[in-house]
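Undergrad: Protein chains in written order, with numbering that gives the first Met the number 0: chain Z, 0 to 471; chain U, 0 to 471.
There may be inaccurate statements among the hints.
Put simply, identical chains are the same to the list, so a pair is met inside one copy or across any two.
Here are the simulated DSBU-like cross-link-like pairs (lysine-lysine), alpha carbons at most 35 angstroms apart as the crow flies [as the list claims (entries may be wrong)]: (1) K141 with K126; (2) K41 with K329; (3) K329 with K37; (4) K283 with K74; (5) K333 with K351; (6) K328 with K74; (7) K351 with K437; (8) K217 with K328; (9) K403 with K432; (10) K370 with K129; (11) K204 with K333; (12) K37 with K227.
What the hints contain is simulated information worked out from the structure, not anything from laboratory work.
Just so it is clear, the structure is predicted and the values come from calculations on it, not from any experiment.
Here are the chains, one letter per residue:
Protein chains: 2
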Amino acid sequence: MDMLTFSMDEKRTVPLYRQLYEYIKKEIRVGNFEFNTKLPSKRKLSSYLKISQNTIQSAYDQLIEEGYIIPVARKGFFVNRLDNILSLDLKFVEKHIKEEDELQNLSYDFSYHGVDHDSFPFSTWRKITKEAINEYDRDILKPGSSQGSSSLRISLAKYLRQSRGVNCTAEEIVISSGTESLFQILIQLLGQEYVYGIENPGYEKLNLLFKSNNSNFKTINIDMKGMKIEDIEGSEADILCITPAHQFPLGGIMPINRRIKILNWAYENENRYIIEDDYDSEFKYSGKPIPALCGLDTYGKVIYMGSLSKSLSPSIRVSYMVLPELLLKKYREKLSFIVCPVPTIDQNVLQKFIEDGHFERHINRMRNIYKRKREILVDELSSMKDKIEIVGADAGLHLLLRIKNGMSEEDLVRKAHEVGVGVYAISKYYYDKTSLDKVPTVLLGYASMADQSIRMAVKRLVEVWFPHIKDY
Amino acid sequence: MDMLTFSMDEKRTVPLYRQLYEYIKKEIRVGNFEFNTKLPSKRKLSSYLKISQNTIQSAYDQLIEEGYIIPVARKGFFVNRLDNILSLDLKFVEKHIKEEDELQNLSYDFSYHGVDHDSFPFSTWRKITKEAINEYDRDILKPGSSQGSSSLRISLAKYLRQSRGVNCTAEEIVISSGTESLFQILIQLLGQEYVYGIENPGYEKLNLLFKSNNSNFKTINIDMKGMKIEDIEGSEADILCITPAHQFPLGGIMPINRRIKILNWAYENENRYIIEDDYDSEFKYSGKPIPALCGLDTYGKVIYMGSLSKSLSPSIRVSYMVLPELLLKKYREKLSFIVCPVPTIDQNVLQKFIEDGHFERHINRMRNIYKRKREILVDELSSMKDKIEIVGADAGLHLLLRIKNGMSEEDLVRKAHEVGVGVYAISKYYYDKTSLDKVPTVLLGYASMADQSIRMAVKRLVEVWFPHIKDY
């Protein structure tokens, strides 16, 4: 090939060298310039196209770098061999996958997820964040340490010791983004030989998580005191995942006796561990908070897990766990390559928020707010009191209703949805449906509902669940 | 037991009910109050201790709730049965594990990690963040959607189409926190049957990640064009993890021919995929950026992966991948329970930062800054030019030095450390040391070094590596 017929557009903002590059590239890719074709020399093309040799050099350089042409010393530039898929990418495949429609069009949603929006400390959070984005902090752009910032871990350790009776040091804490991330780390840390025992009913994501990680797990039935010891023993489980402070979703608090039995079970075999998920223990509305199970453990068998999803916001994505000494050692040997997923600025903000006492004040304030919401809910539900039973300790951010009106769980949920109220069938939390309660039961979370919304929503529920109650 | 001998301290700030509760609990736990012991009635104890029955009721209630005592109707309160580990937790085990000392005491560190601190857009970031912490945004405290906020994904899709030639839509993007998190998702998504092929030498964490997830992987040798096709074919790998835009750490750019060969390899078998890690492609200092390999793929075989660790900061913890249609479908079926680990506020900040053009301006600015740093480094190294060879394309944030002064890599690194300069032996990136380059080679990252620091550091390197060069 001696010359190129190439129509330049000098008015285009695209530089000439790039127009030339794109033209040649296209011709090679559609097969017009075949393998081993010699391109015009820079000198000839320059005088032909009336553009500088430098421009041509730039275009050729780019083509060489991307492999389209090959320079051969003292011979010139040759088209490279391209395999036979070249024209495929010229087809444009319209990709269109609809996002799952997550909106349910509910007026009132007793979803378990979410917190009270109006009580989030926006101005404090804004002020601390503004201060944390600080050009004089030389560490702020560095990738963080694997377990999370040590100052945040010191603050968390202090909080856990004082508020939850967890006897831990900052060194033992691993910070991550959500309970799932912590489980993801633990699955890697403990290895795949073990069988996990999870509560039935329980947190609906745990089985998905173990499944997607190819981990063995067994569901273990619970009563209102927690996992039944005989079921644990018959399960082959090595590692129990439990919620002793406030069982999710049934709401039971594990009494000391069961706690001790479960610890003893763990002490019987060196492969056994207990994962204590203390997910909403900040919210207990009567009596003193019950210390974490972890505080009773003296042989390093309990992995304590907590999160800010309930106490602050699920959108903050911060969780933490306390590793027993042996597992901490293993973490440092095997997993210290993991970078803490929480952004450094966010860790600094949270540290300051805790250290300055805002976190404690926030929790104390929220405890009163949620207590009030719970009271409103229970009070409103009282009009149905002969036909319903409220289940779950005076704690957390949800309760259960056992309803005896002849409707199935499915009916109850559907009827509620028909009047724009979201409630959740308990059967969804049962992995093993054979142990399902005979009485239809629904879960109502109230954290994100306004007081007045709770009242309005319950009125609608009464109307559709108990249409014969007239005097309400 | 008819009565309790209990010394109250009315001056203590601890409420009386709690003092009583703690006293009884302690007596039960150390074994002084045995199983089935009957506690004094509220009335009797009240008149004995001269405290109200309500106070006693509160203490007993707490003890009942925690399971220490059992109320028996019309009989009274009895001590519960506790197993035999009770006193163990009274021992205090001092736990003290030293944090690994990560400080290396270097004056100048050519670490590959980190970015230029002084050029981070602190004031813009602060302003946008301040605006993002917005009480009128009702979604800000909700747990985010699994793939990340759709507005951020729309902005990222636009950016990827324009800047990287990735033909993608927002629906196909999954946002996570760091490259490791993306690989963690992919390992779950693709399943454990597959064999991953990773570049040798390559990103040092990949093998750790696959190992800790029990995934099979093979190392595949590379030349300056990328993985060798014959080595791929001999490897049994199903899924290749490659860095075509700028191989890490060798710095080669994969030419079009090799790209097409690798795509064709993937097209031969339905189980095959290519993971394209486009980690620092924003920084190319000559020629036009080379579009992503993903842009050539028409059969949905390339998983494109990017991160803000180099373009913005590793402490931001944001990465993203583009899933081919089939894998996206599988993700939605199997993994949509995963919550995006990036905090909602951070996603909103980033979206605004990209949408308002700050991101593009920042990258363009950084490209010039890093180009200048690279030029300073290359220029300073020129005094050693007969004895060293600079390897790696004119791109990215690091380069390699092949050094022929008779020293081993270990010597080179040690000598540099002795004068307070951090450089990194290339052998650390070789999983399979048999293919190691014969010439000792070190890696120098320059992103986080100030111009003057680069000059000072190279002077020190010359002094210890080439003490005979006098005229420098």
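Undergrad: Look at each hint and say if it fits the structure.
TA: Tested hints:
In this assembly of identical chains, the alpha carbons of K141 and K126 lie at most 35 angstroms apart whether taken from the same copy (23 angstroms) or from different copies (21 angstroms). For a Cα distance limit of 35 angstroms, the shortest separation of K41 from K329 qualifies neither inside one copy, at 62 angstroms, nor across copies, at 51 angstroms. Taking the closest pair of Cα atoms, K329 and K37 never come within 35 angstroms of each other, the shortest separation being 61 angstroms inside a single copy and 47 angstroms across copies. When the C-alpha separation of K283 and K74 is checked against a cutoff of 35 angstroms, the pair qualifies only between copies, where the shortest distance is 29 angstroms, while the shortest distance within a copy is 83 angstroms.
In this assembly of identical chains, the alpha carbons of K333 and K351 lie at most 35 angstroms apart only when taken from the same copy (31 angstroms versus 38 angstroms across copies). In this assembly of identical chains, the alpha carbons of K328 and K74 never lie at most 35 angstroms apart, being 63 angstroms within a copy and 51 angstroms across copies at closest. Taking the shortest alpha-carbon separations for K351 and K437, neither the intra-copy value of 49 angstroms nor the inter-copy value of 51 angstroms comes in at or below 35 angstroms. With identical chains, the CA atoms of K217 and K328 are at most 35 angstroms apart both within one copy (28 angstroms) and between copies (28 angstroms).
Within a single copy, K403 and K432 get their C-alpha atoms as close as 19 angstroms, which meets the 35 angstroms cut-off; across copies the closest is 70 angstroms, which misses it. In this homomeric assembly, K370 and K129 come within 35 angstroms of each other (Cα to Cα) both inside a single copy, at 32 angstroms, and across copies, at 31 angstroms. With identical chains, the CA atoms of K204 and K333 are at most 35 angstroms apart both within one copy (26 angstroms) and between copies (11 angstroms). In this assembly of identical chains, the alpha carbons of K37 and K227 lie at most 35 angstroms apart only when taken from different copies (27 angstroms versus 80 angstroms within one copy).
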